[in-house]
Every structure is written in C-alpha cells, then in structure tokens.
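Asker: Here is how the chains run, residue by residue.
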Amino acid sequence: MELFTILLLVGLVVCAVSASLAKNLLSTLLIYMAFSLMMSMIWLLLQAPDLAITEAAVGAGVDTVLFLLTLKTIHALKGTRSDKSHDEKH
Amino acid sequence: MSNAIATWSGDYYQVFAIILFGIGFISLLLHKNLIKKIIGLNIMDSSVYLFLTSFGYIDGRVAPIVADPTAPVQMETYINPLPTGLVLTGIVVGVSVTAFSLALTQRLYKKYHTLNLDEILILAKREEV
Amino acid sequence: MTKNIKERWRQFAAWVNGADSDTPVVTPEEKRAARPHPLRFLHGMLSEKNEMRVYHIFSVVMCLVFTGTLLLTVLYLPTFGGAGNPTENEVMERYVEKGIEEVGATNLISNIILVYRGFDTFGESCVLFLAATCVMILLRKDEKNTTAYDLAERAEDAEIESEENTTVLRSVVRMLMPVILLFGVYVLLNGHLSPGGGFSGGAILGAGLILFENAFGEKVRRFMSEHVYHFIKVAALYFYGFTMIYVFFTGANGLHSIIGTGIPGMIFSAGVIMPINVAVGLEVACTMYAFYAFFSKGEL
Numbered sequence: 001m002e003l004f005t006i007l008l009l010v011g012l013v014v015c016a017v018s019a020s021l022a023k024n025l026l027s028t029l030l031i032y033m034a035f036s037l038m039m040s041m042i043w044l045l046l047q048a049p050d051l052a053i054t055e056a057a058v059g060a061g062v063d064t065v066l067f068l069l070t071l072k073t074i075h076a077l078k079g080t081r082s083d084k085s086h087d088e089k090h
Numbered sequence: 001m002s003n004a005i006a007t008w009s010g011d012y013y014q015v016f017a018i019i020l021f022g023i024g025f026i027s028l029l030l031h032k033n034l035i036k037k038i039i040g041l042n043i044m045d046s047s048v049y050l051f052l053t054s055f056g057y058i059d060g061r062v063a064p065i066v067a068d069p070t071a072p073v074q075m076e077t078y079i080n081p082l083p084t085g086l087v088l089t090g091i092v093v094g095v096s097v098t099a100f101s102l103a104l105t106q107r108l109y110k111k112y113h114t115l116n117l118d119e120i121l122i123l124a125k126r127e128e129v
Numbered sequence: 001m002t003k004n005i006k007e008r009w010r011q012f013a014a015w016v017n018g019a020d021s022d023t024p025v026v027t028p029e030e031k032r033a034a035r036p037h038p039l040r041f042l043h044g045m046l047s048e049k050n051e052m053r054v055y056h057i058f059s060v061v062m063c064l065v066f067t068g069t070l071l072l073t074v075l076y077l078p079t080f081g082g083a084g085n086p087t088e089n090e091v092m093e094r095y096v097e098k099g100i101e102e103v104g105a106t107n108l109i110s111n112i113i114l115v116y117r118g119f120d121t122f123g124e125s126c127v128l129f130l131a132a133t134c135v136m137i138l139l140r141k142d143e144k145n146t147t148a149y150d151l152a153e154r155a156e157d158a159e160i161e162s163e164e165n166t167t168v169l170r171s172v173v174r175m176l177m178p179v180i181l182l183f184g185v186y187v188l189l190n191g192h193l194s195p196g197g198g199f200s201g202g203a204i205l206g207a208g209l210i211l212f213e214n215a216f217g218e219k220v221r222r223f224m225s226e227h228v229y230h231f232i233k234v235a236a237l238y239f240y241g242f243t244m245i246y247v248f249f250t251g252a253n254g255l256h257s258i259i260g261t262g263i264p265g266m267i268f269s270a271g272v273i274m275p276i277n278v279a280v281g282l283e284v285a286c287t288m289y290a291f292y293a294f295f296s297k298g299e300l
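Residue numbers (this note's numbering), protein chains in the order written: chain H, 1 to 90; chain G, 1 to 129; chain R, 1 to 300.
Treat the hints as calculated values from the structure; they're not laboratory data.
From a predicted model like this one, the values you see are computed outputs, not experimental measurements.
Careful, some of the hints might be misleading.
[Stated by the list, open to error] In silico EDC-like pairs for lysine to aspartate or glutamate, Cα to Cα no more than 20 Å straight-line: (1) R/297 x R/226; (2) H/72 x R/156; (3) H/72 x R/299; (4) H/72 x R/150; (5) G/110 x R/156.
Work out the full structure: start from the sequences and follow the hints.
Answerer: What follows is the structure in structure tokens.
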C-alpha cells in the first residue's frame, strides 16, 4: 500500500512538472486534470472521502470546463477561428 | 544527515507536498503565460491542502464516519476530522479564485489580444502615457 | 479626450492636496526620474536580456532556498501518522465523542463544517457568491459592450451548434443524465450519513447541468433563465443565513433549540444539517452553472 501511495505522489510531481513544461496549453490543461484525479485518489488513501468526492467533482470536472472555455475564448484550441481582430487593431 | 533522510522518508507526504509547492511557485514566477500562472497557483493550492490533510491522518484509523451510532463512539477509532473540514472549505474557495482569475484573463485578452504578461504590461504602460 | 480628463483629475488632486492650482503639475514619471534610484547604475550596466536572466536566476535561487527551508522544517514536525501527535487533542476528542450526541450526524465532518465551525462555512458561501457576482460583472455581454466581432463569433457558434452532429453526445447524455442527477441528489441528501454534503453534491449537480446544456442547449436555457437562477440562489442563501443565525443565537446563549437531533443514522436526523446541505447544494449548483454560462456565452 505504501508503494502505491509513493507511486501516486511521484505521479503528482511528474504531472506538475510536465504541466509546467508542456508547450501546448491544451495538454497543460489535460495534465492538470490528471493531477486532480490523482489527488482525489490520495485523499481516499488519507481517509478523507469527503475531500475525494469534492476534488473529483470540482478539480477534474468544473475547473477543467472553465479552463477549456477560457481556451476557446482566447483562441488557443485547434479548429476554432484564429483571432482576426488582432490584425485589425495593431 | 542519515537522521534527516530517515525523518524525510517517514514524513513523505509532507516532503512531496513541499516539492509540489516549489514546482507551483517556480511556474508562477517564471511563466509569462497567464493560464500557466493560474495552473501553477492551483498546484500550490493542492500542495497546501495535502500538507494540511496529512496532519489529520493517524495510522490504522478510519475515516470519521460512524457506522453504528448506537454504540458509544471511541476517539481511538477515527482519524482527526478537523483538517479535513478545513481543507473542504479551502477547495471551494480555490475554485472561486480560479474562476475569478480566469474571468480577469479573458478580459485582459479581449483588451490586449495577448496572454503574455510582459507584453500586456508594455501595452498598458504605452496606453498610460 | 482621456488625456484631458487625466489632466483635470491631476489638477483636482493637486488642489485637494493643498497645492496652488497655478503650480505646474508633476507627473509620477517625472517624480520618479528626479529621485535618485539606488539601483540606477545597474540599469546602465545590464541590457534588457541580461536583466531577464538575472530575474530568472534570482527566482530559481529564491525558490530553492524557500523549498530547502521548508524541508528543514519538516524535520521538526511530528511524525506522520503517529498516534498522540499534538493535533490529536481535546478539540478532536470533543468533536468525535460528543458530535453525535450534540449535533446528530454520523458523518462527523459535516458536524464540524456546518455546526461547530459553521461561521467558516458561511463565509465560504459568501466567497462563492462574491466570485459568481464578480464573474458576472466581468464577463456579462449586453448591448453596450458587444462589438461586431463578438456578434460574428456568436453567429459562428450558433452555426456550429445548429449543424446537428451531436448524435453521440445526445444519446450518451440521455443515458447518463438520470444517473448523474440521482447521484448528485443522493450525495446531497446523505451528507450527514455518508461522505459528501452540500458542496460536493452541488458540484455534481452543476456538472450534470453543464453536460445537459452541452447536449440539449435550448431545453436547459429555457428552464434555467435568469429569473430562476436569481430566485434559487437568493432563496437558498437567505434560508442558509437565517438558519445559521438561529443556530448561532441558540448555541451562543445556551438556549434550547426547537430543532431536535433525531435518531442518529436516519435520513431525517441531525437537525439543521440536511436542510442546510440542500440549500448550499442548490447554491453551488447554480453558481457552477452560472460560471459555465458566463464563460461560454456571457449571459444566462
């Protein structure tokens, strides 16, 4: 069990580093979502199931939706139109 | 030194929480992109929650949910519920802060058409003059 | 135009500060240039690129020193998971052993966050309400601040939405939606008996609403209009506030509360906890949906 815990904690550190280093904003966001899921497993191992439920619903669910919508607004997603008003203004 | 390593390997939750705090802090300082700064802030948040919750855990005890409410409740059965309650409050406040900073980011993008904080500062200074 | 207003404002500020209005107004930049700067000679020596490098090195060193100090502090902390640590004190004893008798919920955490430390949680609800209000102020789009570019973008979104290529999403949502809503309501109503409670249940309900909105946009928008949103949110907050005032008043003055604790372990027990959980859950669900609506469309 301790090995599993340490694996999860190392996974958290790897996720944090790669979220910080990833070039693409979308991959940063998805890595952060994986970070939240691992965090909710760690809450379960720390005997805090309330936190696990909240983190899974909030960290991996609502937070990711908000980040994705922001990425859509700032035109960082592929397949959406690039920002044309930038050229008009400057 | 060996003493220190023994303590650190015992308190591995706290050690990892501090490493995560460092990673979040450095990405908050060094990244120019606002979205990455917000994600760094969130990582720092999570590390503080991890640090706090690890103090409530006690080996061999279970989560504070009483299975049989008719029997008298023994303190030795359950972990400390207080840090969990505090962190639960913290997580929800963290979401509010994230949503607020993302809204500010959208407004900044709408005005300056960039997410680079340095460029935003230069443009804002140029506008001021 | 803006410069004129700035100029007048500066003159007004100088007048407020007691200066003669005829004296020349000094801008902050001029003031800063006149003052001798202790690090000015560094600016001459360093080019802009080097300055950035110095900043990077300085922040890495600062972060390492910070982390090292914190790691040294861990050596002096009590052992992880040891029984008899300083955190295991009379506060915890009271919360664990008297919790069911005094408040009545078998989930001891909900005893703590809603009754023993209800003040904290009430403040947290206000923070959530404030955050939703700020998002509304920042991202609301009405006639006054909508540009032609926004309109074009919105038309494009509507076009994508009307293309009707959401068959997979719709059939999956049709299957998942009852389960998600049922789970959310279960977590909400069983907050005093099992893990969960207002915030997690509300977040699940809100996430379900967001999913539903993505698949069947019009139906949800017709139901969650602005009036419904404001009504639910304000009613839930008022209910929560008045209940907490009653609990604080009776608790602080040692009065007998008319709300009993009931039989621990039953659904209708634990006094105020279940109604408060429902109110908080509704508020959180509304807030999450409002976050989504304002982030994606700028209106409810």
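Asker: Each hint: holds or not?
Answerer: Status of each hint after checking the structure:
no.: 1; hint: R/297 x R/226; result: holds (13 Å)
no.: 2; hint: H/72 x R/156; result: holds (13 Å)
no.: 3; hint: H/72 x R/299; result: holds (16 Å)
no.: 4; hint: H/72 x R/150; result: holds (13 Å)
no.: 5; hint: G/110 x R/156; result: holds (18 Å)
When held up to the earlier numbered hints, the structure conflicts with none and fits them all.
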